[in-house]
Amino acid sequence: MKTFIACAALAALQLFSPVAQAEAAKEQFFPLLVYRTGPYSPNGTPWANGKQDYIKLINARDGGINGVKLSYEECETGYATDKGVECYERLKGKGASLFDPQATGITFALTDKVPGDKIPLITLGYGLSASADGGVFAWNFPLMGSYWTAADVLIQHLGKKEGGLDKLKGKKIALVYHDSPFGKEPIPLLDERQKMHGFELIKIPVTAPGVEQKSAWLQVRQARPDYVLLWGWGVMNSTALKEAQATGYPREKMYGVWWSGAEPDVKDVGEGAKGYNALNLNTSGQSPKVIQDILKYVHGKGQGTGPRDEVGSVLYTRGLVIQALAVEAVRRAQERFGKGKVMTGEQVRWGLENLALDDKKLGSLGLTGVIRPISTSCTDHQGSTWVRVHTWDGKQWAFSSDWYQADEQILKPMVKAAADKYAGEKKITRRTPAECQS
Amino acid sequence: MFYRENGQFKTSYAADSQILPIRQDRIGMALLLGVAFVVVPLLSSEYLLRAILIPFLILSLAALGLNVLVGYCGQISLGSGAFMAVGAYVAYNCQARVEGMPLIVALLAGGLGATVLGVAFGLPSLRIKGLYLAVATLAAQFFVDWACLRLKWVTNDSTSGSVGIAHLDVAGFSVESPAARYLLCLGFVVVFALATKNLVRGHIGRSWMAMRDMDVAAAVIGIRPMQAKLSAFAVSSFIIGVAGALWGFVHLGSWEPAAFGINRSFDLLFMVIIGGLGSISGAFFGAAFIVVLPLVLDKLPYWTGLPMDTATASHLALMIFGALIVFFLIKEPHGLARLWATAKEKLRLWPFPH
Amino acid sequence: MGPFLETLIGGLMSGMLYSLIALGFVLIFKASGVFNFAQGAMVLFAALAMARFAEWLPALTGLDGKLVVNALAFVGALAVMVVVAWLVERLALSRLVNQEGITLLMATLGIAYLLEGAGQMLFGNDIYKIDIGLPKDPMFLFEQTFEGGVLVSKEDLYAALIAAALVAGLSLFFQKTAIGRALRAVADDHQAAQSIGIPLSRIWVIVWSVAGFVALVAGMIWGSKLGVQFSLSLVALKALPVVILGGLTSVPGAIVGGLLIGVGEKLSEAYLGPALGGGIEYWFGYVLVLVVLLVRPQGLFGEKIIDRV
Amino acid sequence: MKKIGGVVLDVKNISLAFGGVKALTDISFDVREHEIRAIIGPNGAGKSSMLNCINGVYQPQQGSVTLRGKTYRGMSPRQVAEMGVARTFQNLALFKGMSVLDNIMTGRNLRMRRGLFWQALHLGPARREETEQRAHAERIIDFLEIQAHRKTPVGRLPYGLQKRVDLGRALAMEPSLLLLDEPMAGMNVEEKQDMCRFILDVNDEFGTTIVLIEHDMGVVMDISDRVVVLDYGRKIGDGAPDEVRSSEDVVRAYLGVSQ
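Those protein sequences? They're chains A, B, C and D, same order as listed. The C-terminal position of the first sequence is numbered 438 in our numbering, with every residue numbered one higher than the one before it. The C-terminal position of the second sequence is numbered 1354 in our numbering, with every residue numbered one higher than the one before it. The C-terminal position of the third sequence is numbered 2309 in our numbering, with every residue numbered one higher than the one before it. The C-terminal position of the fourth sequence is numbered 3259 in our numbering, with every residue numbered one higher than the one before it.
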């Protein structure tokens, strides 16, 4: 008892003293919000490993960014919002200059906090779709794509399969989604597309975390949709595939968002998932140069975060890409605010708003083929969505489509409208071009 | 030596029935409040305020509310998370739909919303007892979780189902800064703690405890089971509802139903039981334990100096958390509050135990 | 008609699994008056153990042959669960005798955290596979009667059969065998039990081991259906209403309750769900219980409670 | 010698059963103003059930209870309490978590009306009410000579004192009819003498009518005016102590056994 109290007291001291060693040593500090435990850990882990390995790579291969070493600290959120907020507050105090919350719920909570703290949020491929509008969401960066762009591309792809979007008329498309903000985000866009093309959209919610899907799939079987869009995360994906098999729904007709198309989702389903398709923002596999470098400089030196064979897997690479973009944002910021300096949150935001990664640059980073070129601006915090469909052949993922790009005609007005609604609720005034330069 | 009540004689029943009969306690309480209201906001870091003290205060408030129900009236509830959720969403709707609705009013409205639900789910308690009731209250938990996700008007038609609130101000003063948020919560906590204390030392409180200890006897004395139980449910869920509203407005700022999931309910019950059933201070001890302990455990890798990857660390933390809970339930089933009380008893005689 | 039958059968089959987990609750409650929230964590723990053993065994011993490996892994996992049972009794229960029900309940929640943490730390927190060769593809009945036929998932069918067999076996065990009767004796009256010369502590170890065994089987079945990972621990929440509906202390209650809720929630989801926006099976079981309790406060098969003064 | 008045409580043909088990069969007896009426009988004779029927804890299947001319069957304990019937319990039914004072104060609850709001503020009316009732509770504490234990949780008191608190809680209701369920069970001689004294005092100082269940024949014969004898839920004797003592059935059924 006494000893316990003693420990507690000791720890409390540790706890309540805000540590700031990051700035002290001339290092660029990257807070890593992760979930390696809980229902989503199988997907959260490779993602987190990718991010960490890339930081290690930059330090080992390039000696940091223009000589500025990168430091990092992980904080376990377990995908829980309040824990995520605690992590944010804790790591913020250690000189964090950008965050990747790695969870939609946490993103929502932090979106309210970051403007006050002047720290940008990277939410690559997730978060609030409307936050692509930099005029209102000054600190959010849904780089490369949001759920709306994903849904848009999926419909485009289905249209292509049918031989033209007009052919979707009268078709039935079921959306099996994770019953949370994450799963609900795509609905507005799908409704929009439904109006345009006259297909029938059937919405089937699955209660988180998604281990109970029997009735959902019996509904699918009874509705006999032509396609099923799968909007799941974590265990929900593999369960969905198993239930699809158990109710005899053809996997070839199932299309997942880019969070429903990774190894953990299909691994233990194996042959059962054969023919299942999903979007993917990045390549998978160990061929790209950057992956090779990681194997050489990080895993080669026994510094690897996760198991070696996980390197290059879909979510691992996604994490890597996120971290790469973060690093490039810092590099870009340094070009303006002084090479070899530690960048503040505001400066990193400028970097994020002025990303210009063309093929040449990507090549120098070893990211050729991993992603398409991306450039952002003060008003466009997303850059254009380039995404492909890949298909599980029972052993591995293989791309089965060419690059798609989301249809700006449809998205722009929706984003604008949603952003304005948000601005209204929160009483935010749009940024003027002048503010963009600060 | 210094903690004595010698020479403090009570000359009136009023004086005798005051909350802190011993002078030293009154002084201590005054000091405590002084520190809480003045010193803490001035000195403590943003992290301490935002990530520890604010959650601590809000959860103690919720635990206080739950203690009224479980600790004083003896009705086990596993649905507190739902009541917090209702509080938060009702408050949100008041703010979002009614132009210029003052913050405090919105928060209290959240409490009232929770009260309605509380009474509704309290009615079964007239027939259902013990564990049966406990599981029945889970119905509230799951139903509300679902409703908040499903019913569009609950979230004011936000496409994602997640809601957030614009900046907070009370009577023109902005409560954006951590210190201000902290003080707001502290204000609520102090007021409700006092009110609850008054209730439990009055006849209503006695009727609750009577129901808890021996319901048949209580009925024979002329206590109406219905009145006693429902009033307990009402008071309890009101406080919990306000706590929920604070959690959403002041702590998270933007939230989804998952923020009030079943684990929240379990945590609250832990706070009440580890802190001490049927004691006001217990709610605070319990909340401190449940809020701070995980943070302390997160620090394990540092001050054990062992290199530990995040996963192992948090698994270990989870294990130790569980183990400590069992440990406390074994060592002091009556909770930390009792521990504190016995310590004071000893101190009262120290250094001459006879 | 076809869809209805499908849903009904689907419900019955998941219901059987609920009954199985519920049985774990009932056993422990009968014998030690503990409402064991750790049941779900035990399912996870057991499943993790079995999955990993099945993975490690071939690597270590070079054994192959699915049956052998699975059998050994099962035994291994069972051994682990017995140890867990023993530890729980030693370290927690024996020190918590005649505490309030709520205190015990909270203690088991603590145990649950302990098991979840330990399980994932020892056995890892990725998705693991239990392959006991349950067929994955569905079969179709009455294809000539209804168009599309009536779909029955073979996997669920076998799972339900295993569960049913186990439930039947355990009920027999409790009715017929000496030790079974002894366990019931404890349930009814602790003194009585001691007077027939059975040490309470051993009874508890046995009961928790049996519960561990039930958890293992449940874990094995669900694990092979869903893959073994953290979320398995959540299936316990599905069993809670079953236990209460049946009436805490009744084995038949657990069975009937399980089937009722299984069928109820699937049918409600299929036919009420769309109208209410879906996802209602999430709460259906609990609300059903609430309603039933209003009529029968002691559940369907529980003993009536009379206040004596 | 005190004067016995008219009938206050009239119990007619009460029958009570739990499921199949008959607890009481066709019991009738009456209680007069100011008298001390004893109910005796071996264990399981249905004595406590009888009291439970009188104050509304159990609802008899047949028969009726008439209290001061008001006939009822199936009245809630609360209503009975409002009619001035108080009761103590055989196996202590005190509120263990509460102090002696609070236990006795609960006896005043019927008279305390201030709502949640005033209670929460603990100001003005609520505070005044509290102090008034407190004063009354203190009188009872003095009467029962338990001043020293005011603030002690009843759980910590010795058995004998707990019995006193139980009585105190009933007295706090200022009852006109007091039902005592084995007030002296498990007491030593001194404690019994004290308890007898209290009962007699209550009976003639406050003029309270008392119905008393007791095992100790000595006590019963000394203090009670009339005795009802129950056996297996039936009435087998009724009358003055000496009559009862001499009655065949009673001797066979009860006294024979116990002495």
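Keep in mind the hints are simulated off the structure, nothing from the lab. Please note that a few of the clues may not be correct.
Said to hold, decoys possible - In silico EDC-like cross-links for lysine to aspartate or glutamate, where the CA-CA straight-line distance does not exceed 16 Å:
| no. | chain 1 | residue 1 | chain 2 | residue 2 |
| --- | --- | --- | --- | --- |
| 1 | B | K1299 | A | E73 |
| 2 | A | K416 | A | E192 |
| 3 | A | K94 | B | E1046 |
| 4 | B | K1129 | C | E2100 |
| 5 | C | K2129 | A | E271 |
To be verified - So these bits of chain A aren't anywhere near chain B, every CB distance computed over 12 Å:
| no. | residue |
| --- | --- |
| 6 | D62 |
| 7 | G67 |
| 8 | A80 |
| 9 | G163 |
| 10 | K167 |
| 11 | P188 |
| 12 | L189 |
| 13 | G248 |
| 14 | S287 |
| 15 | K416 |
| 16 | T432 |
Yeah, the Cβ is synthetic: ideal placement off N, Cα and C, and Gly gets one too.
Practice item. Give me the numbers of the hints this structure contradicts, sorted from smallest to largest. Key: Violated: hints 8, 11, 12.
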